[in-house]
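As a plain string of letters, each chain reads:
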Amino acid sequence: MSGETGMPPTDFAFTSGNKKLAKAAVAKYPKGRQASAVMPLLFLAQRQSGGWLPTAAMEHVAGILDMPPIRVYEVATFYSMYNLGPVGKHHVQVCTNLSCWLMGSDEVADSCRKTLGVDFGETTEDGLFTLSEVECLGACVNAPMMQIGDDYFEDLDVTATEGILNVLKGGGTPKPGPQGAREGCEPAGGLTTLTEKPEAQGERSGEA
Amino acid sequence: MTERVLLKNTANPDFHRIDACLAAEGYQGLTKALRKFSPEEIIQLVTDSKLRGRGGAGFATGLKWSFVPKETERPKYLCCNADEGEPGTFKDREIIEKDPHILIEGMAIAAYALGVETGYIYVRGEFDFGARRLEEAIREAYREGYLGKNIRASGFNFDLHVFRGAGAYICGEETALIESIEGKRGQPRLKPPFPAIEGLYGCPTVVNNVETLACIPHILLRGADWFKGIGPEDSPGTKLYCLSGHVRNPGVYELPMGIALRHLVEKHGGGTHSGKKIKAVIPGGVSAPMLPESDLDIDMDFASLAAAGTMLGSGGVIVMDETTCIVRVAMRTIGFFHHESCGKCTPCRDGLYWASKLLKRLEAGKGKKGDVEELERLCGNIFGNTFCPLGDGAAMALRAAIKHFRDEFVYHVEKGKCMVS
Ligand SMILES: Cc1cc2nc3c(=O)[nH]c(=O)nc-3n(C[C@H](O)[C@H](O)[C@H](O)COP(=O)(O)O)c2cc1C
Ligand code: SF4
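Residue numbers (the working numbering), protein chains in the order written: chain W, 2 to 209; chain V, 71 to 491.
If we strip away everything but chain V, and leave its shape as in the complex, we get (with noise of 0.2 Å):
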C-alpha cells in the first residue's frame, strides 16, 4: 500500500498555516537537521536516499549540491524553481498553495547544508494566490523563529524571499531563472560553468525543484532507508503524477515512482471521461514524446521511460482519447515551443516558426506533398543543435507524434482534412 508522503496533509484546509503544521511534524526535520547532523552529514543522507530531481532532467540531488564549493568567500544562494509552466503540470502549485511551509522547511534544511544564507522561491507569475500563500508563511516562519537570525538557537541565519516571473516559460530552465532574478531576459547561458560554481550574481547556487526540496525534511525525519524503500531502486521515492486532458479523474495522485502508466491512467484516471479509447499518452508534460495506446505498459520512472525513447520529464501526463487530431495536437504542441522559444539561438527560434507555420497548414487542410517530409528535416535540424532542451523538446515531441501516426498526417496532406474529427 502506498503511504501519503507529500500530500499528507494537503486535504486539511488550515494547513497552510504554521499553527496547523507546527501542531504536526511542521519543521521537526529542520530542528532535527539543526541539532544532530552536520552540513556534510545532510548532504551525505540526502546522496544516501537517492533522491531525483523532481523538474524534469532527474538529476540527483546529493550529487548536485555536492558540487557547491565549501571554502568560498562568496555568498551562495538556492533557488526553488516553482516556475511550473509544462503544459500538463500542475502539481508544484497543490504544494505551494496547501503546504508552503513543507517547501520552506526544505528550503531551510538544504541552505544549512550548503552553507547558504539566502533563498529565492521563483514563482510562476501568474500564480498569484499562491504567491501570496508562500508570503504569508514565510511570514509566519520568520515570527516563529524558522528563518532569520540565529535559527533555534543553532547560530544558523536563513533569508527567503519571494520572486514572481511574468511569464515566460524558458524563466523554468535554472539558468535563465537566474538571469530572470537578476533582472534581465529569461534567455538561458552556457554551461558549463554550472550554477553551482557560477550562479546567481556569479556565484555557488543550486536550483532544485519544489517536489525535489518538499522531499527533504521527510528524508530528515525517516532516513534515506525508508526513503529508497518506495519505488524502484535508482530512483526511489514517491512521485507527483499529473493527471489531465480526456480522463475521468484529472488529479494530482502521489503514487510511487515506477507505477505503471496503464495503471495509472486506467485504475487512478479512471480511463477516459468520454469511456471511449485511449489513443495516446503524453508520459511527462508536452517535452515528452508521446507513447500510443499499445506502448501503456511502461513504468513511470527515469530510466523505463527514456529506454522507451521518451521521459518522466514534470510528471504531467496528459490522455487523449480517440477522438483526438494528433495534428492538430502536434500543431497547438509547437505553436506553444514557437511562442515560448526565447530567441536566442536560430535552430530553435526560426526552426520553431517554419514548423508551426507548416503544421497550420496541413491542420488547416492545405498541406503539400512532401509537407511531412519536410516537418521531419526540420526535427533533424533542431534536434542536438540548440543552445538549451527547449528546442530538443519540441523536436523530440514532433517527431514521435508523426512516427506514431503518420497515417494521420498524410491523411491530411493527400485528403485536406482531418481523417478523426
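Next up, chain W with everything else stripped away, as it sits in the complex (with noise of 0.2 Å):
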C-alpha cells in the first residue's frame, strides 16, 4: 500500500493537540493499564494520518503506550474500523446486511458503483472516495442506509444516493440522518392495504 508519494511515510509523529488528547484517553485507565488506550490512541493516528495506520503511526502509537509494536498490529488488524491502507477522503460505507438488503441496499450498492466508477474496496483514481461493504451499523430501521465519514445516511433510493455523492464529488456537505419526505420506510407509492390507522398503543420513535 502506498501513500500520496509512492511510498507509505517511514515516521509518524502527533501533533501537540493529538499528543494532548492522547495523554487524556490514558488518564480514563488504571496506573499500569494504559494499553486500554490502544485503540482511541489508533483512532487519533488514524485520523491524523488522512484515515489510515501506516506502520510508522502504529509503532508511535506502541512507543508512547510501551507496547510490543506486534500488540498493536493485532489490534489494528483485528477490528474494521482501522484502515491499514489509504482510503479516499469519503468512504462510503454501504450496509448490505439483512434489513438493509430487505429495503433495497443492491440499489443503492449499484448506483454508487455507477457514480462514482468503482466497486466495493476501490478508490476512485483522484482518490476522492473509496467504497466499502458493511456489516449492520444499527441503523435498519431507516433501511437502506449507508455511513460516510463519521455520518449516517439513512431512508436511501437511487436519487438520493446519487444525489448525497454527486453533493460531494462537487465538495458540498450532504445532510446526514434519513432523506427524503417518506416517513420511516413507508412505500413512496402510497399505502394499498392495511390502510386503517394501527392500534397506537405502544410508542414507536423510530423516524428522528
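Hints listed in this document are in silico derivations from the structure and should not be mistaken for laboratory results.
Mixed in with the good hints, there may be bad ones.
Claimed, not checked - No more than 30 Å apart at the CA atoms, straight line, and that leaves these computed lysine-lysine pairs for DSBU-like:
hint	chain 1	residue 1	chain 2	residue 2
1	W	K29	V	K254
2	V	K140	W	K32
3	W	K115	V	K436
4	V	K254	W	K21
5	V	K298	V	K254
6	V	K427	W	K115
7	V	K430	W	K20
8	W	K29	V	K102
9	V	K219	V	K106
10	W	K32	V	K261
11	V	K254	W	K24
With the hints as a guide, dock the two chains, each given alone in a separate frame, to form the complex.
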C-alpha cells in the first residue's frame, strides 16, 4: 500500500493537539493499564494520517503505550474500522446486511458503483472516494443506509444516493440522517393495504 | 394500556440535556438510592423486580449482581454493553442519543449497589453521534455532581468513561468486550471464571446492556411490584422491540414483555410495507432462528420463544414478505457470521467459511446435489462445539431456514434458480 508519494510514510509523531488527547485517553484507565488506550490512540493516529494507519503510526502508538509493536498490529488488524491502506477522502460504506438488503441495498450499492465508477473495495482515481460494503450499522429502522465518514445517511433510494454523492463530488456537505419525505419506510407510492390506523398503544420513535 | 417507561422522554428533543432531565424525574432514582437504601437493599430490590438482562441471554440481573464478591481488596468495575451489533437491532442507540442521562443514572445506582468506583460504556465505533452525546451528558453529570467524588454528599465516588469500539460484532460478547477494553483483540475468554469474579483487569466486573441499566432508575422510584406488574411473571417489564425489514412502520416500540409477535408485526408494525403476505419473521436479531408465518402466534418473552426453538435475543424483529428468497437470507446471514467470527475456534472459523461458500454457490444457481445435506452436516459440526455462542447462533439460524424452507433450497439446487424472485 502506498501513500501519495508512492511510498508509505516512514515516520510519524502525534501533533501537539493529539498528544494532549492521547494523554487524556490514557488517564481514563488505571495505572499500568495504559494499553487500554490503544484503540482510541489508533483512531487519533488514523485521523492524523488521512484516514489510514501506516506502520510508522502504529509503532508510534506502541512507543507511547509501552507495548510491543506486534500487540498494536494485532489490534489494528482485528477491528474493521482501522484502515491498513490509504482510503479516499470520503469513505462510503454501504450496509448490505439483512434489513438493508430487504429494503433495497442492492440498488443503493449499484447506484454508488455507477456514480463513482468503482466497485466495493476500490478507490476512485482522484482519491476522493473509497467504496466499501459493511455489516449492520444499527440503523435498520431507516434502511437502506450508508455511512460516509462519521455520518449516517438513511432511508436511501437511488435518487437520494446519487444526490448525496454528487454533492460530495462538488465539494459540498450533504445533509446526514434520513433522506426524503417519506416517514420511516412507507412505500413512496402510497399505501395499498392495511390502511386503517394501527392501534396506537406502544410508542414508535424510529423516524427521527 | 401500556405505560411508556424507557421511551417516556425520547420525544422531547432536549432531553439529552441534564436541565431537561432534572426538570422531570432525572437522577431522583439515584438520589433516593443514596439516601434511603443500602447497597444490599438495592441488589435485593432488583432481584425482587425479576428484571432479566436485555442484551440477549436474559440472565437475571439481581442474581448477576449478587455474584460480585463484597469483601475484596481489588477494585470492581461496571461495563455497559452498548455495542449493539446484532443485525436488526437499534434500540440502545435510541436511549443513548435521546435520553443518555437515564443510562448514566442507572449505572451510578448499579455502581453504588456493587461497590464499583469506575465504569466504562462500550459504544460501538460507528455510533459517533451517540458516543459524543454520551460524552457530553457525562460532562454535565459531573458538573451537576451526579458523577465524580462524594456524589450528593453521600461519600460515594463513581467515575464513568466512554470506550469506543472499532467495528467488531464479537465485542458485544461480554468477555470479548472486556478483552477489548484491555486493549486487545476482541476474542472471548473461557468461562468460568465469570466476569463477576475475574473480569476487567482480572477484577470483579459486571457487564450489563444499555436497556437493562436504563430500567434501574425506574425500579428504584416505583418499586419492584410495579415492575413485576408489567408483562409475564417470570420476565416482567417493558421491552424495546425493533421492527425492520418488510414492515410498514419500522421503529422502536416499547411494549410489555410477552406481547404476541403477530400483534406486534401486524398491528403496531402495520403489516408488510408492500401489502404482500408475510413469509417469515426473525424475532430477536439474525442469531435468532426465523419463524414461518404460521408460527407468529407466539409470545415475545424469553421462555415462550425458547420453547419454540428460537429466542428473544436483542428484540430485533425482522419481517420478510413472500417475495423474499430464503436462500439469499441464509447466505447473507451466514456471510455476516463468517465475517465476524473472531477466528479463535475451528468449528466457527472454518465451518462458517464452508457454509458461506456453499450458500453462495447455491444462491448463484451452481449448487450440487447433496449441498443441502452438506449444509446440515456443517451445522451439526458447528453447533455445540464452539467456544462462544456466536457459532451456535449462526448454526441455529441456518438450521431453521433449511427446516422451514427446505423446498426453496432444493429448488435452487435442482433448477439452478430461485423459487420466488
Ligand atoms: C456474539 C455475541 C454478541 C453479543 N452482542 C451483544 C450486544 O451487542 N449488546 C449486548 O448488550 N449484549 C450482547 N451480547 C450478550 C453479552 O454477552 C451479555 O450477555 C450481555 O451484555 C449482558 O447484559 P445483560 O445481562 O444486561 O443482558 C452478545 C453475546 C454474544 C455471544
Ligand atoms: S465461536 Fe466464533 S466468535 Fe466465538 S470464539 Fe469461536 S471463532 Fe470466536
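Problem set entry | Hint check, failures only | 5, 7
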